[in-house]
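Number of protein chains: 2
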Amino acid sequence: MKKKIRIIVDAMGGDFAPHNEVEGGLLALQASKSNDINLDIIYIGDSSKIEPIVSSSSLYDEFSEHITIVAAKEIVAMHDDPIQALKTKKESSMVKGIQLLKDGGADGYISAGNTGATLTIATMILGRIEGVSRPTIGAFLPTSQKKPVLLLDVGATIDCHSRYLFEYAIMGSIYSKAIQGIDKPSIGLLNVGEEDTKGGAERVDAYKQLQESSMNFFGNVEGGDVLLGKTDVVVTDGFSGNCILKFAEGFPKMFAELIPQYVCKSSDRGTDMNVVVPVLKDMLSGLNAEEYGGVPLLGVKGTVIIGHGNSTPRTIMMMIFSAVTAIEKEVDKKIEAELKKK
Amino acid sequence: MKKKIRIIVDAMGGDFAPHNEVEGGLLALQASKSNDINLDIIYIGDSSKIEPIVSSSSLYDEFSEHITIVAAKEIVAMHDDPIQALKTKKESSMVKGIQLLKDGGADGYISAGNTGATLTIATMILGRIEGVSRPTIGAFLPTSQKKPVLLLDVGATIDCHSRYLFEYAIMGSIYSKAIQGIDKPSIGLLNVGEEDTKGGAERVDAYKQLQESSMNFFGNVEGGDVLLGKTDVVVTDGFSGNCILKFAEGFPKMFAELIPQYVCKSSDRGTDMNVVVPVLKDMLSGLNAEEYGGVPLLGVKGTVIIGHGNSTPRTIMMMIFSAVTAIEKEVDKKIEAELKKK
Chain A
1 MKKKIRIIVD
11 AMGGDFAPHN
21 EVEGGLLALQ
31 ASKSNDINLD
41 IIYIGDSSKI
51 EPIVSSSSLY
61 DEFSEHITIV
71 AAKEIVAMHD
81 DPIQALKTKK
91 ESSMVKGIQL
101 LKDGGADGYI
111 SAGNTGATLT
121 IATMILGRIE
131 GVSRPTIGAF
141 LPTSQKKPVL
151 LLDVGATIDC
161 HSRYLFEYAI
171 MGSIYSKAIQ
181 GIDKPSIGLL
191 NVGEEDTKGG
201 AERVDAYKQL
211 QESSMNFFGN
221 VEGGDVLLGK
231 TDVVVTDGFS
241 GNCILKFAEG
251 FPKMFAELIP
261 QYVCKSSDRG
271 TDMNVVVPVL
281 KDMLSGLNAE
291 EYGGVPLLGV
301 KGTVIIGHGN
311 STPRTIMMMI
321 FSAVTAIEKE
331 VDKKIEAELK
341 KK
Chain B
343 MKKKIRIIVD
353 AMGGDFAPHN
363 EVEGGLLALQ
373 ASKSNDINLD
383 IIYIGDSSKI
393 EPIVSSSSLY
403 DEFSEHITIV
413 AAKEIVAMHD
423 DPIQALKTKK
433 ESSMVKGIQL
443 LKDGGADGYI
453 SAGNTGATLT
463 IATMILGRIE
473 GVSRPTIGAF
483 LPTSQKKPVL
493 LLDVGATIDC
503 HSRYLFEYAI
513 MGSIYSKAIQ
523 GIDKPSIGLL
533 NVGEEDTKGG
543 AERVDAYKQL
553 QESSMNFFGN
563 VEGGDVLLGK
573 TDVVVTDGFS
583 GNCILKFAEG
593 FPKMFAELIP
603 QYVCKSSDRG
613 TDMNVVVPVL
623 KDMLSGLNAE
633 EYGGVPLLGV
643 KGTVIIGHGN
653 STPRTIMMMI
663 FSAVTAIEKE
673 VDKKIEAELK
683 KK
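Chains as they are written, first to last, in this note's numbering: chain A, 1 to 342; chain B, 343 to 684.
Possibly wrong hints are sitting among the right ones.
Stated by the list, open to error - List of simulated lysine-lysine pairs, DSSO-like, C-alpha gap at most 27 Å:
(1) A:K253 / B:K595
(2) A:K340 / A:K184
(3) B:K489 / A:K253
Unchecked claim - If you only want the chain A side, here are some residues facing chain B, beta carbon under 10 Å, derived:
(4) I69
(5) V70
(6) Q145
(7) L190
(8) V226
In case anyone wonders, no lab produced these hints; they're calculated from the structure. Virtual Cβ for every residue (Gly too), placed ideally from N, Cα, C.
The shape of chain A in the complex, shown without the other chains (with noise of 0.2 Å):
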């Protein structure tokens, strides 16, 4: 029997909570089984809601000994105050979750919730790795390749040091090998131009740092080679990461509001919408960061992964199998070993 694996689900997480974390948490245990996984799954919240929607799906009876509910009153909701949550909601399915992730109670957290407040939270309850200055949050992106893009920093830390840079390159490269199974994952550094010399002295000197170092480095990249999958990993300040991944959100927004525009200007010239509705959606799909199962906070001591609030069952399943995957390889182990190197 393979080693068990204990993820907790902020039930309260989420804009359609709990229904689509409880659902997603039934569809990873029923996905587990042919995946050869031995996954537990925790869910942390109001019990009375969650209860019910756990004992009345069809695959309650099977699964039964593999879920857990555990009892938490408050909610961190998405406006709140990160700082504010963590001293004033001892008893969110938040704060909660994470000490009993701390506390050993459980292998990995995941959360559709308040982006901001589980960063802090998580930082503040479970610590940072040894020799990681800043956690970082990293979001994979399509490319015109048949790969994702993995994008980081995208919102954790706002200044720009190229000791952080070179860090999210290290973060980075480990989870996407982890992820993605790539062996040497490339790494580019975001950047005005492809010269050395370009974007300020804390670029210039994360160029250097990375050249230097035993990574897969590949140089400056531009914001156009970010969609063209140039390289594996992309690392950047998290301003401008923050930037292009909403950015890149805007997108299938764009079209959504343009299509009905288009359909009036298609109807003259006899363009049928409807075959070209489908195909724009399905281009786009890559574009919600969710699709490829939330995005990892990296450089805690402790496996979190983070959704949007409009996660689906679909992509809470996916967020526990991204974190069990980073759990089997453990990405954080590997991140705590190649910073004490440096």
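Could you slot chain B onto chain A? The hints should help.
What follows is chain B alone, placed relative to chain A:
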């Protein structure tokens, strides 16, 4: 008779120089007639190459009095270092052209050549408008609304200072009003969240300055708001602006590479990609900045419009008209007047 407006066209900039540049100038002359613009075009570059294209044009006879060719022996190449180019290529179309503008030989200058070199050479030769800390390059991006958004800075200055951001807002506001005819353009400050505490000290300070100004300041906008046209103008540091602009330009390329894959997929399900592709191209066409007639260099003493290296004759024409409008609306005088107040 309306006052004459003389535009210098750098005939040697751009990947298809001098052909597209010369053709674009001729198209502009043709269009000027019906638009009641008293336009003169001054081509600068290798006369032996410019002359045959001009004289073989069917438009030549009609507009010959409005065409001047000024000889320049050298070319600033796309990969040339800006400072080096300024020092060593004094006989280039770029250095001579911008010097001619400075000396009063013309009212505006357009080039599809090396953007960095144009920025540096124009700033050094023309000088900054009084009150301008850093000249800025703005770019129009499409939105789901019926009008594009002006994003600036897109790469002139990497550093983020509140004063720069404030000045970009003033310059962007004036340019947007002049070119788009929007009375009080709304200004968004690009940030990682809506709250006025986000984005680090410089952006927090810029927020305050903008809020206290007489501009139509909307507040912070996020990456996802840009394409939705939440504001008419979006200001940010040149690093993130450059990343976003190039990222946006990467989209049509990604789609172009994805389409063949979808052709296969779609034929399985009977989708006619011949229907889909033109609609997609149409929807994505706005993502190329050149559709909007190049990007303005704002904050220097004189009217300078920069275009992509791959500018078509039509784009060159649009750049010429952007310059004409900026001159007619006295954009640089308005910038000076506004910034003197502060």
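Structure-based check of each hint:
1. A:K253 / B:K595: Satisfied, since the Cα-Cα distance of roughly 19 Å is no more than 27 Å.
2. A:K340 / A:K184: 19 Å, holds
3. B:K489 / A:K253: 16 Å, holds
4. I69: 33 Å, violated
5. V70: 31 Å, violated
6. Q145: Where the cut-off is 10 Å and the nearest Cβ of chain B is about 8 Å from A:Q145, the hint holds.
7. L190: It holds, given that the least Cβ distance between A:L190 and chain B is near 6 Å, below 10 Å.
8. V226: Because about 6 Å separates A:V226 from the closest Cβ in chain B, which is inside the 10 Å limit, the hint holds.
Violated hints, listed in ascending order, are 4 and 5; each of the other numbered hints is respected by the structure.
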